[in-house]
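Asker: Sequence:
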Amino acid sequence: VCEKGWNHLIKPLLLLSLVGHVIICIGYAVKGGHRLYDYLLEPFVELFTYGSIQGNLALWFLLSLFIVRCLYNILSSRIRLNAIFILLTSLIVTLLIFHFEIHKPYYLANSLAGLFFFSAGRLLAKLQYNKWIMGLSVIIFLIHMIFLPSFVDMRVNKLIEGYYELWLIGSIAGCILLNGL
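Under this note's numbering, residues 237 to 417 are what the sequence shown spells out, in order.
Don't read these hints as lab results, they were simulated from the structure. Ideal Cβ positions, reconstructed from N, Cα and C, are used throughout, including at glycine. Take these hints with a grain of salt, some might be off.
[Said to hold, decoys possible] Here are the computed distance ranges between Cβ atoms for each label pair:
id: 1; residue 1: Gly269; residue 2: Ile320; range: 52 to 58 Å
id: 2; residue 1: Ile379; residue 2: Val255; range: 39 to 45 Å
id: 3; residue 1: Leu250; residue 2: Ile375; range: 40 to 46 Å
[As the list claims (entries may be wrong)] Capping the alpha-carbon separation at 27 Å, the derived lysine-lysine pairs in DSS-like fashion look like this:
id: 4; residue 1: Lys240; residue 2: Lys362
id: 5; residue 1: Lys394; residue 2: Lys340
id: 6; residue 1: Lys367; residue 2: Lys247
Generate the whole structure from the sequences, applying the supplied hints.
Answerer: Right, dumping it as structure tokens:
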């Protein structure tokens, strides 16, 4: 899983980040006044801190998805932890990171939230098409979106509106609803 993820997620992240950084460097050169640090070291600091670089911020999810897949595989296959245990542990750690306002590195929080969603997806893969689960998901999602809308910028793990805990529940209900449609 990790080797395949390296080839399909990390290599494209690095290649496309390099292309984006070259474009940024051209802008630096045209504008002038930039240090050697900006050209050579800044992308490594950004990648380590933010999970992507300024030249291609949209790729942040590739590193997070790589971490989620590898971590889930290691925890479930090598350490043989139950999917429910992984789900609950990732939920608790995600909530602790949010409430203690641990912001950096970005991929710490978004990878653990991603592990929560990934674990939920694994547990609900077959159950989600049950009419009762689908009906409950529709009700939860509608209540979530109409009465208690909650939105999070997952990249930086920042609450935009509502309640973080409700965002987690509403997002799972929304995924089930979309998969069912």
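Asker: Per the hint of 52 to 58 Å, is the separation of the Cβ atoms of Gly269 and Ile320 within bounds?
Answerer: Between Gly269 and Ile320, where Cβ atoms are some 55 Å apart, the hint holds.
Asker: I want to verify a distance hint. Is the separation of the beta carbons of Leu250 and Ile375 within 40 to 46 Å?
Answerer: 44 Å, holds
Asker: For a C-alpha distance cap of 27 Å, please report whether Lys240 and Lys362 respect it.
Answerer: 25 Å, holds
Asker: Just to be careful, I want the Cα atoms of Lys367 and Lys247 compared with a cutoff of 27 Å; is the pair within it?
Answerer: 41 Å, violated
Asker: Is the straight-line distance between the alpha-carbon of Lys394 and that of Lys340 27 Å or less?
Answerer: The given pair, whose Cα atoms are some 12 Å apart, holds under the 27 Å limit.
Asker: Does 39 to 45 Å hold as the CB distance between Ile379 and Val255, or does it fail?
Answerer: Holds - the Cβ-Cβ distance for Ile379 and Val255, about 44 Å, lies within 39 to 45 Å.
In this structure, the one hint that does not hold is number 6.
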